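The chain contents come next:
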Amino acid sequence: MVLGNYKQVIAARSTDAEILRGSQDGGIVTQLFAYALDAGIIDGAIVAGPSDEPFKPEPMVATTREELLASRGTRYSISPNMSLIKEVTRSYGLDKVGVVGTPCQIQALRKGQLYPVGLRDVPDKIALAIGIFCMENFPYQSIIQLVEDHGATALENVSKLDIGKGKFWIYTERGATVQIPLKVTHKYEQPGCHVCLDYVSNLADISTGSVGTPDGWSTVFVRSANGDDIWAKAIAAGAFETKPIDSVKPGIELVTKLATEKITKNQQYIEDRKTKFTVGKELRNPYI
Amino acid sequence: MGILESLKALLFGKHDVGGEKQDVKPEPARKTDAVKEAGKPADVIVEKKASIIKEPKEEKPVADKITVGHVHMSGCTGCLVSFADNYEGLLTILDKYADLVYCLTLADVRHIPEMDVALVEGSVCIQDHIAVEEIIETRKNAKIVVALGACACYGNITRFARGGQQNQPQHESYLPIGDLIDVDVYIPGCAPTPQQIRNVCVMAYLLLKGNDEQKALAGAYLTPLMNLAKAGTEACGCDVMYNVINQGLCMGCGSCAAACPVRAITMVYGKPQVERDLCIKCGACYAQCPRSFFSFDVVNQYEGIIDAIDAALQP
Numbered sequence: 001m002v003l004g005n006y007k008q009v010i011a012a013r014s015t016d017a018e019i020l021r022g023s024q025d026g027g028i029v030t031q032l033f034a035y036a037l038d039a040g041i042i043d044g045a046i047v048a049g050p051s052d053e054p055f056k057p058e059p060m061v062a063t064t065r066e067e068l069l070a071s072r073g074t075r076y077s078i079s080p081n082m083s084l085i086k087e088v089t090r091s092y093g094l095d096k097v098g099v100v101g102t103p104c105q106i107q108a109l110r111k112g113q114l115y116p117v118g119l120r121d122v123p124d125k126i127a128l129a130i131g132i133f134c135m136e137n138f139p140y141q142s143i144i145q146l147v148e149d150h151g152a153t154a155l156e157n158v159s160k161l162d163i164g165k166g167k168f169w170i171y172t173e174r175g176a177t178v179q180i181p182l183k184v185t186h187k188y189e190q191p192g193c194h195v196c197l198d199y200v201s202n203l204a205d206i207s208t209g210s211v212g213t214p215d216g217w218s219t220v221f222v223r224s225a226n227g228d229d230i231w232a233k234a235i236a237a238g239a240f241e242t243k244p245i246d247s248v249k250p251g252i253e254l255v256t257k258l259a260t261e262k263i264t265k266n267q268q269y270i271e272d273r274k275t276k277f278t279v280g281k282e283l284r285n286p287y288i
Numbered sequence: 001m002g003i004l005e006s007l008k009a010l011l012f013g014k015h016d017v018g019g020e021k022q023d024v025k026p027e028p029a030r031k032t033d034a035v036k037e038a039g040k041p042a043d044v045i046v047e048k049k050a051s052i053i054k055e056p057k058e059e060k061p062v063a064d065k066i067t068v069g070h071v072h073m074s075g076c077t078g079c080l081v082s083f084a085d086n087y088e089g090l091l092t093i094l095d096k097y098a099d100l101v102y103c104l105t106l107a108d109v110r111h112i113p114e115m116d117v118a119l120v121e122g123s124v125c126i127q128d129h130i131a132v133e134e135i136i137e138t139r140k141n142a143k144i145v146v147a148l149g150a151c152a153c154y155g156n157i158t159r160f161a162r163g164g165q166q167n168q169p170q171h172e173s174y175l176p177i178g179d180l181i182d183v184d185v186y187i188p189g190c191a192p193t194p195q196q197i198r199n200v201c202v203m204a205y206l207l208l209k210g211n212d213e214q215k216a217l218a219g220a221y222l223t224p225l226m227n228l229a230k231a232g233t234e235a236c237g238c239d240v241m242y243n244v245i246n247q248g249l250c251m252g253c254g255s256c257a258a259a260c261p262v263r264a265i266t267m268v269y270g271k272p273q274v275e276r277d278l279c280i281k282c283g284a285c286y287a288q289c290p291r292s293f294f295s296f297d298v299v300n301q302y303e304g305i306i307d308a309i310d311a312a313l314q315p
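As they're listed, the protein sequences go chains E and H. Read in order, the letters of the first sequence correspond to residues 1 to 288 in the numbering used here. Read in order, the letters of the second sequence correspond to residues 1 to 315 in the numbering used here.
Chain H with its partners taken away, still in its complex shape (with noise of 0.2 Å):
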């Protein structure tokens, strides 16, 4: 657990958290005050200090854990900021539901393990022989394959890519990872937003770990993103246009307007106005969209899947 007590030490500026099972002899009064303070995973390690015993600290059963990696392919790290800006419930997901066992920046793991499930930022360089290699290992060594972002998904901006940069001039063609190898899951949206991959976590583990019940929810909810993974690497603007308005079915929400991150995307006349120069093929726009994917099982029930969440991410 290592990576889980540097993180909460890195975000919570408490750098004795590691030292823990060494020795503890903390202040009483200090011991009180953070209690009461409440709701941080931090100052529950602090109130777990007291206890005078000096035995490693217990952890929940990593038994029921899934194990996830993150894979950086051609990508910004935005996605990975992304998911580390749920905060509290990014330690929660950490703490109960995953271990992470791969990821650049935060575990120290140089080739890519056996894990549950991948989540894979970026497009692959094709120029970029360790990117081809990694990204099959990915696929060799990982259950489920999630695209986490839209240069996974889509491409994305690196669509735009066309070489000459330095120090790397050569390379130039960047594929999304759908078009090298299968992918299970999508997730789109330039940066894809922390509570939509927190949703898919919760729902990753449900379908993976859950009651017969919860499989069946967690299915029905990564239906949609499978069939996403299934239907291709391309996505544009113009797929609001192909897909629903000249399929007759776009009743002029606005949603792919709010969803743009690039604001593409204007209301005219309550239809969806692209305006395709500024595309950067990111794909939320379709995905956002009630009528590009909707199960009524799934949202009919939002009341109890909302609250289930913000259960699950309690500490």
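Same shape as in the complex, but just chain E (with noise of 0.2 Å):
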């Protein structure tokens, strides 16, 4: 169950070259969006745009395809995607609204649509979440901390952040790439992330992810009967160019051995929050 309930999985890239230029992998997230844009299934979306300091997400409500593009790519670190989820639907005035989220913001959502404490009229407004997959997030401070003295690199002449084959890599603007492992990166890692028990959002309608699929591909999983709905019109609207996932390399295996490993990983450490750490207490544990 590391990969939470889906009615399919497939490798999937976008058809739109405009779209694939700037994306991180197959453009999933930046093509779903345009597609439910165009096709009235949204009527906007909540995406980690661009801010004024260089790899600095900041949460942006989309609603035109040049928003959505503004805001292709992975930034690794962290946009705080559901502080606007109220506001959406109030300043901005959408009824049907798409959301995209790290597994722990899918999981905010969806407590937040059985639970709306304090999200009014909001519940039944989700008309789109799409889930990317993740191991940990950075805080800003960490992306500085690692390009900056680590990398050597000055932010504003990066191009590309990317994580893969066990290293975190910086690509600049001038075709130099740096490469730190993995091991070094591990201690700048956001610490909520550590008690996560989810890789591959399963909670979204539809999560992706670069895992599993040849470069410029992603794997997809449609999850939700929502999901796979608007999945199936955007395959039928050529929205997207797919392979069976046991015909690609390394496949859905790696993606089960990741989840694996994070969740393994993280369950061990919520164990230690009750022992390790304490005398005749315990840390406190989120999930009952």
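Derived by calculation from the structure, the hints in this document are not laboratory data.
Cβ-Cβ distance ranges computed for the label pairs, FRET-style:
| no. | chain 1 | residue 1 | chain 2 | residue 2 | range |
| --- | --- | --- | --- | --- | --- |
| 1 | H | V262 | E | F277 | 32 to 40 Å |
| 2 | E | T64 | H | S173 | 48 to 56 Å |
| 3 | H | G219 | E | V279 | 29 to 37 Å |
This one's a predicted model, so the numbers in the text were calculated from it and none came from an experiment. Beta carbons: idealized from backbone N, C-alpha and C, even for Gly.
Hints in hand, dock the two standalone chains.
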């Protein structure tokens, strides 16, 4: 069950060259929102948009294709997308909301739909929740620490950040590549990530990530009835090129392996919080 | 069912609804129009009037319903308004699941009767002996006491009261009901949202009247809200610092900032920044946080639960 419930899993990439040009992998999130916007499935989407500082994401409500394009790509830092979940239905006036988030943010979204303590009239307005795969996240200051200190590179010169093949990759505008082993990056991870028990956004309508598929492609899990419906329409509209997941390398096994690793490690950490930090006390466990 | 009828009349402006039991002769044309409009409970009533036989309208068996009361302490009635903001959903709840046996504004009942569920709004002024008697009476007469809204749960804005107001300047000490009686369930928030109240209502009904499977689900759903009631009567924006960030659990999703009714929380570098002077101590931020409580048993079933609640609220 490390991969959650899903109706199908496939390898996919956008058929839109413009989207692919600036996307992290297969351009799945941008393409899905662009399609859903066109088709009237959503009025807009909460995405991780650009900000004043390089590679610092800022939650943004995208209501046009241009705004979606501006937020392509992964930033590896925290974008509190849930912070706009109420505002998007108020000053933005959206009735059908798309939202993209990390597994924890999608958990927050679903909890918010079932326990809308402070989210008046929000639960019924979520039209499409796209989750991304996530091993851990970094506070923005950690990105600075990694890129500028460990990587000896000015952040404004960076063209792309990536994590893969056991390394943190920094690509600069002038073509240089810096790699940092993940064992160096671990201590800069956001602490809250270490109690997370979800790798592939089990609660999203559709979740996606690069792991499991070749460069330029993404692995896509279609999960909910709603997600299934929207995915089928998007395929029918020719938004995606797909391949069966068992026809690509490294395939679903790698996703399962990484998900199992993350969940096992974090379950251990949750156990350790009961005994290894304390005498006769426990650190708080959020899960009941 | 006087309350239900008059509510329907109030909300849909069909003032003749109450009179249906006396004499009915609807114009046929109007009847078909009303049926075509569809979906509105008031229209359903109009349709039933078409039956020429003059007999009392058959209600759903009352035996299956739970009895609910709304007890008004020192609050602004915003919680009750929020409950009413379920619109047709409220009518369905009163139609199928609950009889409103006590409610200051809607039920003509003077003393607090016995009931299954008491929804208490507002904090208790301990200088007001009637309020104190009523909250004690509520605990005695209700099987389940629900603190509806932040004032009843945590004191909320009444925490800042210090007396001196006309015409009862000596009324200065307002306590969340949990400081005076045992409380079973908290619904925090200022105001608590219509959807949260609705969900608790449906779940409370399932817990009391459902089959075993439904009871288990409802129990799992309500457990975190019962735990909040056990956890105490103090809430503050500080809770997301004390119980989440300080505990190494925050992952910066921003739920707290979205939930805050007074915009006291902004996300700065991926973590909540609480403007503590703005905080009204409603407890919404912490209760909304996915790292305050999170039950996989419940949330993994989100699709089924949302569908079930939607279905339950169909008129």
